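Peer 1: Line by line, the protein sequences give chains A and B.
For the first sequence, the numbering used here begins at 297 and goes up steadily by one.
For the second sequence, the numbering used here begins at 627 and goes up steadily by one.
The hints are simulated quantities; they were obtained by calculation from the structure and are not laboratory data.
As the structure is a computational prediction, the values presented were derived from the model and not from experiment.
Treat the hints with care, as some may be off.
[What the hints assert, rightly or not] Heads up, simulated DSS-like pairs for lysine-lysine below, C-alpha to C-alpha not over 30 Å straight-line:
1) B/K993 x B/K1007
2) B/K747 x B/K668
3) B/K1036 x A/K554
4) B/K1036 x B/K1007
5) B/K1008 x B/K993
6) B/K1008 x B/K1036
7) B/K700 x B/K747
8) A/K381 x A/K364
9) A/K554 x B/K1007
10) A/K554 x B/K1008
11) A/K554 x B/K700
12) A/K480 x B/K993
13) B/K700 x B/K668
14) A/K480 x A/K554
15) A/K480 x A/K496
[Stated by the list, open to error] Part of the chain A face toward chain B, derived, beta carbon under 8 Å:
16) Y331
17) R342
18) Y459
[Claimed, not checked] Stretches of chain A that chain B covers, calculated by requiring three or more beta carbons in the stretch to come under 8 Å of a beta carbon on chain B:
19) 500-514
20) 535-547
For glycine and all other residues, C-beta sits at the position ideal for the given N, C-alpha and C.
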Amino acid sequence: MSAQNSAAQNPDAGGQSGDRQVHILQLYPRDMNIYGDFGNALVVQRRLEWLGYEPVMHTYDPGDEFPKQVDIVIGGGGQDSGQDKIHADLLQQGERLRSMVEDEVPMLMICGLYQLFGHCFETREGQRIEGIGAIDVTTRGTDSRLIGNVVARSEEFGEIIGYENHSGQTYLGSGVLPLGTVIKGEGNNEQDDHEGARYKNVVGSYLHGSMLPKNPAVADFLISNALQRRFGEELSAETVAERIDDTLTDQARTTAVKRPR
Amino acid sequence: MLSVLIGKVARGVSRIRGGGGSAFPGLVVEKLDKNFLARTLKRLPRGVIVVSGTNGKTTTTKMVVELLEGQGLKVFTNRSGSNFTRGVVASILGEVNLTGRLDADIAVLELDEAHAVHFVKAVRPNYSLLLNVMRDQLDRFGEIDTTAALLRTIAQHTADGVTLNREDARVRAIADSLEGQEVSFFGLSEQLRSHFPSDDDLHRGAANQATDLPEAGVVLEELTEGGGTYRIGGEQVSTQLTVNGAYNTFNSAAALAVVRQALGESVDQVALIDALSRVSPAFGRGESLEVNGQPLDLVLVKNPSGFRLGLSSFSAEGVSTMIAINDNYADGRDMSWLWDVSFESLRAQGVKRVTGVRAYDMALRLKYDAVPFDAVEPDLKKALDEFIAAEPERPKRVFCTYTAMLALRKHLSEYTEVEAFA
Ligand SMILES: [Zn+2]
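In isolation and in its complexed conformation, chain A is listed as follows (with noise of 0.2 Å):
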């Protein structure tokens, strides 16, 4: 990432100075990061720093010494060579990300990680790959490919606007709600029109494009609840809109919405 991480790196600075640092974690961002996942990232990063807040930016990749303080984590897609190079180190790091699901860690997760943060994946040929069971989806795979721009409905975040493309089919068990219901595009599956999944504070999505740029609402939601955990602090609408213009965000959206899938 060193091209483009021009943040804060400062591993571990615990709590020493940072009284309004905000620890970020990038999971497996060597590998599972294809659809411009790296821009989540960013669009944290950059809303905490317009906020006033002190982002610390972190990645872990299978091995590395996992960080001390994590306040959001995000998670992106990957090929199946990607997903095959992490899937180990994962399965070893559930039982953390799971009791980290459970605390009420705001996290992210699009595509790959999305389809393992569930119970399996079932491939064509009838193989079970485990996930790590923190969200009640299963995913199957399927022959046809579902490529193109997604619009959701979500009654937490209005409009949810992205572009999807994935093979896994993604089925919510009744320990989840849809994060939307879709209006245009597959979202999860062809059976049904929920797009993604949301538990405690986990957003499971199958939209890129990126996802948080075009979409302040889930990256606010994010912030707002590390900053909950964190400081006891809320967010409001007022303070978004003070501090961060989101015009271009908006023109941004109403040109998404009009392209074709």
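Following the hints, position chain B with the ligand against chain A.
Peer 2: Same frame as chain A, but now just chain B with the ligand:
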């Protein structure tokens, strides 16, 4: 040779109807005579070279053609830009005589990686040059590894020799699955490798790069002002180039490598370098125009690696910059790639205009990288007019996606001479 005659007539008809294109007559002959392609190409004394990969194949194909012509060979190529089997058939029909003989020594064919697989099953090429697998093709084929597998199939169906990019891990690995074919590599010097980050390297950093790379027959040693230094066999050669940008300079190494493989000992190195220095870029792959006495460069960007390289190849200093992003089918609909490029190198100079269908996506990307811009104007023509008028005394550079480039060229013809789209 009834099929040739019918095909020629069909080609005439489609020309008159203003098609100008190439798929229709090819379709007619393909239906009439399935072996037409194989039969015609097999008669060429020096056989067939296929060029494939996700990026740079049009300009590289043009380089290979001109290098071979510089060796005194008569070369057949699919110039029409329709790089599919039928397009090749149609190109051949334009050049065969009525006995179906193609007046050429060797064919150099640019093939789209998806269609190349059908092609190589019909016509076994003698040599193939496989350039790279970059991620702009993801939304067409789903996965980058699938594309790599297509290139592997091309290599496996090649009769004599395969030339591979040593710096692309997926292309390099194709060598392991080959038996019998001669394999040659082209590559970069240690020192240059960091200038050409692959999509994978971006997340890995230099420490994780492969250390046990195979020996390469042609290595781009150094980028010089307006050219490059190559190690060809044991020899070090520096030359000026007409094509610009780090990317085309590396593609030159690819072209040199496959020509050396195909011609072997008989290659005339002085003529080779002379021809290389004169190759101009293929249409629409980055060109330099002059507008109101100032240079205006069009830099085609279609994926993160290409955009990063475009930004690092040219200094932003003293130059007016515009960025034009479309998301039509030919550009790719997925905008996620913009987030895999760092735009920090534009921060000091800023960007004059942001334009194209996805102008606001691009502007948002710049905002998150703290790069200032003067205005967003999605309309390409308006943006171009404003851009040219804004700083008349400065050289200009436009980073643009494929369909944005086509549209901009059209509007630019109102300002300056622009080569017609063949
Ligand atoms: Zn996916």
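Peer 1: Each hint needs a verdict: does it hold in this structure or not?
Peer 2: Here is how each hint holds up against the structure:
no., hint, verdict
1, B/K993 x B/K1007, "23 Å, holds"
2, B/K747 x B/K668, "13 Å, holds"
3, B/K1036 x A/K554, "25 Å, holds"
4, B/K1036 x B/K1007, "9 Å, holds"
5, B/K1008 x B/K993, "22 Å, holds"
6, B/K1008 x B/K1036, "13 Å, holds"
7, B/K700 x B/K747, "25 Å, holds"
8, A/K381 x A/K364, "23 Å, holds"
9, A/K554 x B/K1007, "21 Å, holds"
10, A/K554 x B/K1008, "21 Å, holds"
11, A/K554 x B/K700, "50 Å, violated"
12, A/K480 x B/K993, "28 Å, holds"
13, B/K700 x B/K668, "15 Å, holds"
14, A/K480 x A/K554, "10 Å, holds"
15, A/K480 x A/K496, "26 Å, holds"
16, Y331, "4 Å, holds"
17, R342, "5 Å, holds"
18, Y459, "5 Å, holds"
19, 500-514, "holds (count 5)"
20, 535-547, "holds (count 3)"
When each numbered hint is compared with the structure, a violation occurs for hint 11 only.
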